[in-house]
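Trainee: Working from the sequences, and respecting the hints, build out all of it.
Protein chains in written order, with my numbering: chain A, 1 to 481; chain B, 1001 to 1265.
Possibly wrong hints are sitting among the right ones.
As a list, the in silico EDC-like pairs of lysine to aspartate or glutamate whose alpha-carbon atoms are at most 20 Å apart [unchecked claim]:
| no. | chain 1 | residue 1 | chain 2 | residue 2 |
| --- | --- | --- | --- | --- |
| 1 | A | K321 | A | D228 |
| 2 | B | K1114 | A | D443 |
| 3 | A | K425 | B | E1090 |
| 4 | A | K380 | A | E418 |
| 5 | A | K454 | A | E420 |
| 6 | B | K1195 | B | E1004 |
| 7 | A | K454 | B | E1145 |
| 8 | A | K352 | A | E418 |
| 9 | A | K380 | A | E398 |
| 10 | B | K1130 | B | E1151 |
| 11 | A | K425 | B | E1052 |
| 12 | A | K346 | A | E420 |
| 13 | B | K1019 | B | E1004 |
| 14 | A | K198 | A | D323 |
| 15 | B | K1109 | A | D443 |
| 16 | A | K143 | A | D228 |
| 17 | A | K425 | A | E442 |
| 18 | A | K198 | A | D163 |
| 19 | A | K470 | B | D1117 |
| 20 | A | K352 | A | E229 |
| 21 | B | K1109 | A | E442 |
| 22 | A | K380 | A | D323 |
| 23 | B | K1006 | B | E1029 |
| 24 | A | K425 | A | E398 |
| 25 | A | K425 | B | E1145 |
| 26 | B | K1195 | B | D1215 |
| 27 | A | K321 | A | E229 |
| 28 | A | K454 | B | E1090 |
| 29 | A | K470 | B | E1115 |
| 30 | A | K280 | A | D79 |
Which residues of chain A face chain B? A few of them, derived with a C-beta cut under 7 Å, are [unchecked claim]:
| no. | residue |
| --- | --- |
| 31 | Q167 |
| 32 | R437 |
| 33 | G451 |
The hints are simulated quantities; they were obtained by calculation from the structure and are not laboratory data.
Bear in mind the structure is a predicted one, so any value in this text is a computation, not a measurement.
We put the CB at the ideal spot given by N, CA and C, even for glycine.
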Amino acid sequence: MQTETQTIEEFARQDYKFGFITDVEQDLVPPGLSEDVVRLISAKKEEPEWLLEWRLKAYRHWLKMEEPKWANIHYPAIDYQSIVYYAAPKERKGPKSLDEVDPEILATYAKLGIPLREQEMLAGVAVDAVFDSVSVATTFKGKLAEMGIIFSSFSEAVKHHPDLVRQYLGTVVPYSDNFFATLNSAVFSDGSFVYIPKGVRCPMELSTYFRINAKNSGQFERTLIVADEGAYVSYLEGCTAPMRDENQLHAAVVELVALEKAQIKYSTVQNWYPGDANGKGGIYNFVTKRGKCDGAGSKISWTQVETGSAITWKYPSVILKGDDSVGEFYSVALTKGYQQADTGTKMIHIGKSTRSTIVSKGISAGHGQNTYRGAVRILKGADNARNFSQCDSMLIGEDCGAHTFPYIDVQNPLARMEHEATTSKIGEDQIFYCNQRGISTEDAVSMIVNGFCKEVFRELPMEFAVEAQKLLAVNLEGSVG
Amino acid sequence: MMLEIKNLHASVEGNEILKGIDLAVGAGEVHAIMGPNGSGKSTLARVLAGQEAYEVTGGQVLLNGQDLLEMDPEVRAREGVFMAFQYPVEIPGVSNTYFLKAALNAVRKHRGLKEMDALEFLTLVRQKMKLVQMDESLLTRPVNEGFSGGEKKRNEIFHMAVLEPTLAVLDETDSGLDIDALRIVADGVNALRSKDRAFVVITHYQRLLNYIVPDRVHVLVDGRIVRSGGKELALELEEKGYTWIEQEVRSKTGNAGAAVAAVGA
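Mentor: Structural data, given as structure tokens:
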């Protein structure tokens, strides 16, 4: 009879299920970064002069910056001159429908269980699929356009709505923000752009699937979502990546802008390649995500399920500028094998009666190291600001770790703050109880973990919640669903 | 025989607790295992259920002719072994219904039956709830979390009613129950008695056996069954106490007396 501890350790060693490489011809810029490369990227994308200037400002600023070292993560130095900064599938005359999309690419999606066709017809999800760096398929565009909603790749938005892009680009994450965001500003390849006009409620979940695919190509997505006064949008981002030998840097930037009474709900399910059993070869995910509740009564909600990447460095934040605005952060982060995650959020309360909620669930298995790092700042003018934070950690096995670093800075005496934290282990008595009812150890672990994460999963849109549960299951146990 | 235990020896952390148990339980029968504290009653239950910490060092257990000890605990459960826990475990975040549906479908799958969908399952659950007079709110709450002692025990019987085992082992299900709860639990068990199902009822007190009337009573002392009889044996024990039987064992075996005395103390 197998011992329970052994079985748990086996889950922790579970192989990555989505490791495969699609053979599509790539249009590559040679490795390395220089002003010429920045110009080349901009030229290839036929960008206007102002955007090139913006990129160059970022590049010059980046040269003066140093990589941050404060996070609780450890990795060998990154050689920024060995990275390919631009890759696009060669065959790319913006397809009008899925039929025009390279069958190889469609096959990749099929392997990932993302049936675009079905989604188009059944699920009511408009997918702006980012394959490597260029969007290859956008669905439901017509319908959305009728309502004045813009949902397109970033490059298209630059071409067709340059004024909007120019108005908001860098207003939440300035080009000089931090090492990785600045690098992104200089070399970002593509991403998504969303604009919801005044008073419009986007009738469907907008969804982008990211997938890193070109060998050695760092991916630098840039997403900008603007919800005008009284608008509402729910945006989903999900991704898986193929198996790799070399570490891949991923430094994305996401900016959200919510004007008066607007609401943005941004959900992420992330499952990038975490590296092999010894932690070699996984994705480095250094992402800057930030939202600004610019107008009174606006709301921004981040929900993330992080199961992949060798290293995750990510703090989706909300600047609560408008009075009565609301910021939320719901997170599940799973680390196993030798994965490291240093993730959390920042809530910056500026306006009066601003409220924020933080619910973080960290799960560590194998040799995984999970760090929650959160900052709540309540500035002088933020009368009656409120924050509630809950940070729970679950440990599976003996070799993993959980760490919590909550930073609190309150400058207004009327503020109210609550912080709760727990740490638990999956007990052998719980596993045995499940076994005795006929439930396998694998299913028991997955069931208990899902129960632990419930408060976060229920914030996810329905289909995404199911997918997230499945991802956790795949990561913790045997079968791909 | 549904359950055959032959010369079973088992240890916990190197200490031998079961020292050669022989027991045969036929389908449709209810056997009570009684004995003083520390005699090995709960160990027997856990060995049957397959808990890892309990190491079998000798002997054999057959369930319908199959080697039970070779099976993982979940396989035993799917083969029809159910144990009602003395201390049911809390599983935060997992609703009682969700848990039970997963359990039932694991059992059904193993037996080649179609898995139940949510609607079929709910119909079944409502019907079974009546057996133990379960409050509906206990369905949606996390498994055993915040349940009172009585609710936990009722929940165990409820699980049993849904899973319909062939062999049910009740480990001191009466402990910590007031008389009303005891009656409800016993009524539930009695309703589940059938010719295809066997029960092993482990208890310290005779009280439970007023409600669940056994076919056979076995007295366990120091890891051995020292006496077996009909239901009247339980009454005799109630009257005379365990010391009576311990003394009898001691006078018979002589050299084992020291160990028995230690257990009895």
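Trainee: Quick one: which hint numbers does this structure break? Sort them smallest to largest.
Mentor: 9 and 31
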